[in-house]
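Trainee: This is what each chain is made of:
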Amino acid sequence: MGVKAGSTPRLTTPSDVGRAAGLFLAPALVLIFVFFFLPVLASLVLSVTDFDIYAIASPSSTRFVGLANYTKLFHSPEFWQALRNTFYFAIVGGPLTIAVSLGTALLLNAKLVRFKSFFRTIYFTPFVTTLVAVSIVWRYLYHTRYGVLNYGLAHLGIAPIDWLGNPHWAMPAIILMSVWKNFGYNMLIFIAGLQAIPQDLYDAAEIDGAGPVRRFFAVTLPLLGPTLLFVSVITMIGYFQLFSEPYVMTQGGPLRATTSVVLMMYEEGFRWWRMGYAASIAFVLFIVILIATLIQFRLQKEHA
Amino acid sequence: MSRTNPRLVVVEGASTGGYGGLDSARTRRRLTQIVLYALLIIGALIALMPMLWMLSASFMPTGEASTYPPHFIPSRITFSHYADLFTRLNLGRYLFNSALIAVVVTAVSLVINSLAGYAFAKLRFRGRDRAFRILSLGLVLPVQVAMLPLFLLMKNLHLINTYWGVIIPGMASIFGIFLIRQYALSIPDDMLDAARIDGASELRIYWSVVVPGILPILATLAIWTFLATWNDFMWPLIVLSDEAHYTLPVALANLSGEHVQDTELMMAGSVLTVIPVLSVFLFLQRYYIQGVMAGSVKG
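Each protein sequence line maps, in turn, to chains C and Y. Using the numbering used here, the first residue of the first sequence is number 1, and each one after it goes up by one. Using the numbering used here, the first residue of the second sequence is number 305, and each one after it goes up by one.
For reference, chain Y alone in the conformation it holds in the complex (with noise of 0.2 Å):
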């Protein structure tokens, strides 16, 4: 934005010799600025509207929302479909539940994600950058081909039903791994000889020189893996069948075919499941979407 349009400069030095055509050029300026705007505001509202009506009909007395013409602002403010999920509903337990697998998966795979990474950019040993090809050849995977053999391997392993059956397959993923590589790969190896020169160990070397270099794409990988698993409804659909270990998608999505005539319950369900991760996205923003945008450029 520090860029100037030479074009611009050639009208602004025109206006101070008095040049004609300058008013034209002015107005035409204004008028694509305001198109412009106008451009924004109307997509603003398109991608804020689902959300905007939904919180409004969560707080809706019961029925208001399914009503023509439609309202859009409640006629009185009420708290009971909140207090139903809560009580009647169980939804603190799903809240429990989703938040649970998604701090430890975040967790364990930030830990884990990045030990390869960094070994698979730093690190020499035999067959590394093939190795590294044969990893990447799994991003174009689809995740549903491992899901059915999946199933039956945790079956095996009894973790059907339970927190570990959601976790696990989450604990490492080979985007992660990807990411961080990129990003370690800028890592100068003179500062990591210059630790080992100073006998630090590998493990003390990852720890106090690599982990506070790579901790920009880390914040990012951590929202995103956070984000993702939060999110995840297919998987945890399929492992968990038993309602104490729902999480809030799988919850919710249970729920509305019960209750799907309850307009007002299950908005209020929803800005449940939503308002977690769009708090952590509008608070760490910076970290993701830098992460994101210079991520793509790279990779």
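Chain C extracted, bound-state conformation (with noise of 0.2 Å):
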């Protein structure tokens, strides 16, 4: 604060400021405790219960069943399964999508190059569009017969794959449509980090005689150590929340390849109303969640 108190008449006292702070504060606070925080603590506190779909109806009906969702849930081969797809998600196609993003941000970054803005427009498109529409596209270009991408595979040689109808194939797809997808937010913030590299560093590693690749791994990736952190970060929690493709694209199928752990939670929250069970998925993929974070944080630090 510039102005002392006594030395000029002010109109406006610290609790004038502090209730005009409580009453911009209000809304947001209210909506987002009403409708975000109070909303994440009584999901705990439903996993413990059974609530279904007579207690819609009847909400007195529920019991508390203590632990016995978690320990159902634990048993069942279908969570685990689906635990692993969301982690075969988000293990190869998160790196898959960084690596991308991270190679068109070097392109773009090159010197040589120009219409950079425009190449980084066409590049950010996939990004902004629409998830289940381009999910819907896909699913023809994935078309066995008449898809363009096992048209342009037979150019090369390859015998038609059944993209979404294979357990084998089925996540790979979903993995290269969201590589397509996603690449361009993550390059956006990769140029970002870049541009804020000194050249100075450049032009030092090359009078020492480093090549383009000595200078990527001496200078560049290092350097852009807490852009890849946070872009590690984001791109993996929003891929253990895997939903509209799958749902969309193969309804959790082929012999449940493709269903996450997001997907099984709707299933049985809204689909069977099984709500008491759906909010226990629900807290295990917010541990689960939590635990990726903090594991990228520490070997972040390990490597600094």
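Derived by calculation from the structure, the hints in this document are not laboratory data. Heads up, some of the hints might be wrong.
Footprint (simulated), chain C over chain Y, 3 or more residues, beta carbon under 8 Å [stated by the list, open to error]:
#	stretch
1	332 to 339
2	362 to 375
3	380 to 387
4	422 to 433
5	451 to 459
6	560 to 571
Residues of chain C placed beyond 12 Å of chain Y at every Cβ, according to the derived structure [said to hold, decoys possible]:
#	residue
7	SER61
8	ALA68
9	ILE161
10	HIS168
Bear in mind that the values here come from a model prediction, so they are computed numbers and not experimental data. For each residue, glycine too, the CB sits at the ideal point set by N, CA and C.
Mind assembling these two chains? They're in different frames, but the hints should get you there.
Mentor: As structure tokens, then:
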């Protein structure tokens, strides 16, 4: 505060500012508390009850069941498969997306390239499109007989692949589409990170005789560390929440090969109305995301 | 791009002296450039191909998108699928629903988030930083965790199957508050104090000093919110069960179950779903892209 209280007649006192702050914050905080934090806490409570379709009509019939939902969950092969599928998607799809993002960011940051903003816009376009719409489009691109993808592969002498009908190919197909859809966002963040690296460092490395590859590993990658952490954390958090792609493209099949944790939660909770059970799935998802985030922060710290 | 690579300067300097190695250096540079452009163009084709095919197939006569070898250009352009969508399949209604929800959420959340973001950045009160830290913790909570109880809450409030059921949870966002606070921190305190000395009320200061100062981030957040709300699928799917209230993505997913064989019709529906967000992005990308890049570096 640059103004001393006594020196000039002040019409606003600190308590006025405090009152204004309260008024300014109230709408946001009330909304976020009632429609987000409270439901999250309620979810924890819900997960130790047998809340189901009958309870929706008469909530008083709900009983406390302790950890029974969690026990049931950990004994359910469907849940372990959903967890495996989700990890498959996040652990293969995440790094792949980040690699493509970094690759395109490096291309667009090259000094020899012009029309940068033109290409940047094109690459970013898939990210802003509607996921449901492009999932439908890709379902046809993946069509075994008429799909453009298999047509292209035929030119390379590769026999048609039943992308979405074969349990081994369905998840790779969803990963491929997700890489296409999402790389543009990370790419922008990488470009910002690359532009923040001082040119002197590259010049010095070059004088020392470092080639482009050496410069990438000695200068770019270490200095991109915080950006890389940010990008991998948000990508991973997003990928653990896989839902719309399998819902639209495969309905979780074939043979549950693309049923993710969130899709299973949706089906248990909103198709079968086993909401207590579904809440335990939601909570496990939260714990998984939390642990994965902490691990990435730890890894980053060890490297720094 | 105003920076010049010292190595290139050296090479060009050498060229005036007629140094023998210059041709090979220039050729190599030229070759690198060609490779870079080739990669960029291939990448651009891959990025655009699915959407170009979608657009092209939406104009094809029924059945033409399901032929082998695939057609890339319609043999004859027809608008019948678009007409079908509007006359028989009620698409105008879904378009209206999506637009209404996205516009209301964007407008309301912009006001609510900017008020809160500004208060966290600039207004001093007890417990401010602690409150903000607690709020930030919410950023790591996946929204799906809240959805089951939120559905029950909405049911008790009789908001299932209403526009409000989708709008209300979107009216305030932790991410939005976070983004605005980061930006508002750079507003000089002197400017606010000067306005206070002039006798301006806090609301007046927000409106005529703060809002103009944070306009760029408001633009970014507005575009971000509009796109996210328009594209959102899971919550609208849960809360809207009556077709009359469906948003486009929900209607499209529903339609694709019934009309899975009508490739061209589904492509026309996809085009109509994507075009509004794509136009918003293309017209306003300057604000959007800069905002994403700036926010990420600071955040």
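Trainee: Under the constraints set out in the numbered hints, which ones does this structure not fulfil?
Mentor: 3
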